[in-house]
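Visitor: Spelled out from the first residue to the last, the chains are:
2 protein chains.
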Amino acid sequence: MLLDPWSASGIDDYEKLIKEFGIEPVNSDIVNSLPKPGKYFRRGIIFGHRGFDVVLAAILNGEPFAVLSGIKPSGAFHLGSLTTAEQIVYYQKEYGATAFYCIADVEAFCDNRIPYEKSFKIAIDNLADVLALGLDPDKAYIYRQSEEKRVMDLAFEAGAHVTTAMMKAIYGEQTVFGLYMTALLQVGDILLPEHEDFNGPKPVVVPVGADQDPHIRLTRDIAKRLRSRYKFILPSATFHRLIRGLDGSEKMSKRNPMSYFELNEDIESIKPKIMNALTGGRPTVREQRELGGEPYKCRIYELAFFRIDDDSFVEDIYRKCTNGELICGDCKAMIFEKIAAWLKEHNLRKRKMLDLAYKLLEEK
Amino acid sequence: MLLDPWSASGIDDYEKLIKEFGIEPVNSDIVNSLPKPGKYFRRGIIFGHRGFDVVLAAILNGEPFAVLSGIKPSGAFHLGSLTTAEQIVYYQKEYGATAFYCIADVEAFCDNRIPYEKSFKIAIDNLADVLALGLDPDKAYIYRQSEEKRVMDLAFEAGAHVTTAMMKAIYGEQTVFGLYMTALLQVGDILLPEHEDFNGPKPVVVPVGADQDPHIRLTRDIAKRLRSRYKFILPSATFHRLIRGLDGSEKMSKRNPMSYFELNEDIESIKPKIMNALTGGRPTVREQRELGGEPYKCRIYELAFFRIDDDSFVEDIYRKCTNGELICGDCKAMIFEKIAAWLKEHNLRKRKMLDLAYKLLEEK
Numbered sequence: 000m001l002l003d004p005w006s007a008s009g010i011d012d013y014e015k016l017i018k019e020f021g022i023e024p025v026n027s028d029i030v031n032s033l034p035k036p037g038k039y040f041r042r043g044i045i046f047g048h049r050g051f052d053v054v055l056a057a058i059l060n061g062e063p064f065a066v067l068s069g070i071k072p073s074g075a076f077h078l079g080s081l082t083t084a085e086q087i088v089y090y091q092k093e094y095g096a097t098a099f100y101c102i103a104d105v106e107a108f109c110d111n112r113i114p115y116e117k118s119f120k121i122a123i124d125n126l127a128d129v130l131a132l133g134l135d136p137d138k139a140y141i142y143r144q145s146e147e148k149r150v151m152d153l154a155f156e157a158g159a160h161v162t163t164a165m166m167k168a169i170y171g172e173q174t175v176f177g178l179y180m181t182a183l184l185q186v187g188d189i190l191l192p193e194h195e196d197f198n199g200p201k202p203v204v205v206p207v208g209a210d211q212d213p214h215i216r217l218t219r220d221i222a223k224r225l226r227s228r229y230k231f232i233l234p235s236a237t238f239h240r241l242i243r244g245l246d247g248s249e250k251m252s253k254r255n256p257m258s259y260f261e262l263n264e265d266i267e268s269i270k271p272k273i274m275n276a277l278t279g280g281r282p283t284v285r286e287q288r289e290l291g292g293e294p295y296k297c298r299i300y301e302l303a304f305f306r307i308d309d310d311s312f313v314e315d316i317y318r319k320c321t322n323g324e325l326i327c328g329d330c331k332a333m334i335f336e337k338i339a340a341w342l343k344e345h346n347l348r349k350r351k352m353l354d355l356a357y358k359l360l361e362e363k
Numbered sequence: 000m001l002l003d004p005w006s007a008s009g010i011d012d013y014e015k016l017i018k019e020f021g022i023e024p025v026n027s028d029i030v031n032s033l034p035k036p037g038k039y040f041r042r043g044i045i046f047g048h049r050g051f052d053v054v055l056a057a058i059l060n061g062e063p064f065a066v067l068s069g070i071k072p073s074g075a076f077h078l079g080s081l082t083t084a085e086q087i088v089y090y091q092k093e094y095g096a097t098a099f100y101c102i103a104d105v106e107a108f109c110d111n112r113i114p115y116e117k118s119f120k121i122a123i124d125n126l127a128d129v130l131a132l133g134l135d136p137d138k139a140y141i142y143r144q145s146e147e148k149r150v151m152d153l154a155f156e157a158g159a160h161v162t163t164a165m166m167k168a169i170y171g172e173q174t175v176f177g178l179y180m181t182a183l184l185q186v187g188d189i190l191l192p193e194h195e196d197f198n199g200p201k202p203v204v205v206p207v208g209a210d211q212d213p214h215i216r217l218t219r220d221i222a223k224r225l226r227s228r229y230k231f232i233l234p235s236a237t238f239h240r241l242i243r244g245l246d247g248s249e250k251m252s253k254r255n256p257m258s259y260f261e262l263n264e265d266i267e268s269i270k271p272k273i274m275n276a277l278t279g280g281r282p283t284v285r286e287q288r289e290l291g292g293e294p295y296k297c298r299i300y301e302l303a304f305f306r307i308d309d310d311s312f313v314e315d316i317y318r319k320c321t322n323g324e325l326i327c328g329d330c331k332a333m334i335f336e337k338i339a340a341w342l343k344e345h346n347l348r349k350r351k352m353l354d355l356a357y358k359l360l361e362e363k
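Protein chains in written order, with numbering that gives the first Met the number 0: chain Z, 0 to 363; chain G, 0 to 363.
Extracted from the complex, chain Z is given alone in its bound form (with noise of 0.2 angstroms):
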């Protein structure tokens, strides 16, 4: 099996990932180490890693570390963008990281022949989502691909470290030479944190999903053989489940617009995609209320699981919904309620941060 970080196909089967790939599992001695576990960890929604001990560690000796992540910005924030963003602005919340946030355009460039004029705008709109979440900008790192240079240096020095036929196992055979290059620069975003300019080695997180993997992998290992001359430590990663398409595809996709929706879509359009959601539901209300529901089947739990902070809430739609209380009609109004207001709030938040964006992305 061949993971593609361009093309993510449904990984449905995470557990094999950590069976054939060596990716470790966040167990529970892990979230109950974390002082303040997040939704994303509560809720196994990270459910595994590569290397976290060494940012745990930091984190329990308040020892600075750094997150990274990062955005292609070929178009807007939508649902699924929310996991990577939201879990970035939390460890600079709750643990003071640094917080590194890339804009990937030259792999906007690369894999979607996005014009970096073009993907300048997207990025603004999308860095204005980050910040609308939280994200404080003095206490971040915020630049475009195109415009740094260290992440190229570190790219071509990785080149030299790489053969050939690892990027192949790695990768597949590419058609596009450019993303190959891509992948490299990719390492070379990883591993800016740990650049002398920005105080040397220290534990590094990127929160993933599980697609990303080969990044990871190949990050690692590259850092492994610049590690005597630049003294890395390796970085780590966490790996997400991806939130699932709504009308019950495997995955959100932008050719299917039933399955997913953006921030920034109109709540006329966003109504319909809840409310024709595939349910965990019986064919009938009779069935319903002597059998109840199966959120494990349903999107609008996951939804929900995804979206909604409070635990005590999720548990209610939870018990509700087994135990014949909740009919789906009821449940993705209210569901989609909870959303709308949460979505208004955003975009209120988000188009003030508009100008902030610009001048953050500007000044690089």
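The hints are simulated quantities; they were obtained by calculation from the structure and are not laboratory data.
You may find that some hints are simply not true.
What the hints assert, rightly or not - Dumping the calculated SDA-like pairs for lysine to any residue here, alpha-carbon to alpha-carbon at most 25 angstroms:
| no. | chain 1 | residue 1 | chain 2 | residue 2 |
| --- | --- | --- | --- | --- |
| 1 | G | Lys148 | Z | Phe197 |
| 2 | G | Lys38 | G | Tyr317 |
| 3 | G | Lys148 | Z | Ser73 |
| 4 | Z | Lys167 | G | Lys270 |
| 5 | G | Lys337 | G | Glu261 |
| 6 | G | Lys270 | G | Ala340 |
| 7 | G | Lys138 | G | Lys270 |
| 8 | Z | Lys117 | G | Lys270 |
Unchecked claim - Stretches of chain Z that chain G covers, calculated by requiring three or more beta carbons in the stretch to come under 8 angstroms of a beta carbon on chain G:
| no. | stretch |
| --- | --- |
| 9 | 172-186 |
| 10 | 314-325 |
Claimed, not checked - Stretch-level coverage of chain Z by chain G, calculated; a stretch enters the list once three of its residues show a Cβ under 8 angstroms from a Cβ in chain G:
| no. | stretch |
| --- | --- |
| 11 | 155-164 |
| 12 | 265-274 |
Even glycine gets a Cβ: it sits at the ideal position worked out from N, Cα and C.
Based on the hints, put chain G in the right spot on chain Z.
Guide: Below, chain G without anything else, positioned relative to chain Z:
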């Protein structure tokens, strides 16, 4: 037949390049059109070109053009390094071309594992040689690859426009992935003179050994693909014969110290290399007096042909050799004296250039 610019295997049949690879011959029309044909043109050392017509037109019309060359800073300047270096000076001095001189330190790192701190020192020495040969730094842009972000930008953009299959077809299977990347850096180097920061599109000539044709073909191909965006004029190249090993080997090589000498080598070390060089002499003096020597077999004649500017002097040797007047021992001693005198002067000039070379590279 696959040309590999990183481990130039002896290309003994230059005609094959013209027939098989579509390099155009440099004929007498071109040479006679040049207002000041330098020795490399006059003597047919430059045997082929790609797209030289646009450069020739710029020369004849007094329009701006650029000449680009460079060096991989992996060791001291040697006999073979002079051919390219003298041509860059030629275009700058005779026709007012803007000279671009690239220190390919990223390539030195990928290919020879030379760290940047070390290649920087070598580069200072190399640049001092080029300055001593007459390069005017006020009309030149001299840079280290590792410091020139525009070249990296162009390399990544080139990568997005090239297929993996094409890289393999041109460069073969390379174990170190970074070597493909440095090939794209060279593409960036060659396109740099047409960057908007340097007044945009213009004819550019790149004087290279025939073994560098892969880079030229790749660059011209990519320049075509990027044309709609940057209006590039396809870069031109001329191809010159490589001076062969003094000891009779087909190629000067570091592994074979008798085949070449470095410009800063002790004169007592150079002397035996010249005095023991392969000649076109006959087995006995008597035979030589009767039949004459065979200069086309003679590495001393080749040395004179490449290194001594005075046409009549070189013609004189040829005549005296072939008519039996000149005996190899005398000829070698005479050529050695000429070379030694030139080297002495050159190294005096060079020593005075070291500070300037440091300053020029330090600034970047």
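Visitor: Now tell me, hint by hint, if it's right for this structure.
Guide: Against the structure, the hints come out as follows:
| no. | hint | verdict |
| --- | --- | --- |
| 1 | G:Lys148 to Z:Phe197 | holds (20 angstroms) |
| 2 | G:Lys38 to G:Tyr317 | holds (16 angstroms) |
| 3 | G:Lys148 to Z:Ser73 | holds (24 angstroms) |
| 4 | Z:Lys167 to G:Lys270 | violated (51 angstroms) |
| 5 | G:Lys337 to G:Glu261 | holds (16 angstroms) |
| 6 | G:Lys270 to G:Ala340 | holds (12 angstroms) |
| 7 | G:Lys138 to G:Lys270 | violated (37 angstroms) |
| 8 | Z:Lys117 to G:Lys270 | violated (63 angstroms) |
| 9 | 172-186 | holds (count 11) |
| 10 | 314-325 | violated (count 0) |
| 11 | 155-164 | holds (count 10) |
| 12 | 265-274 | violated (count 0) |
Hints 4, 7, 8, 10 and 12, counting from the list given before, are not met by this structure.
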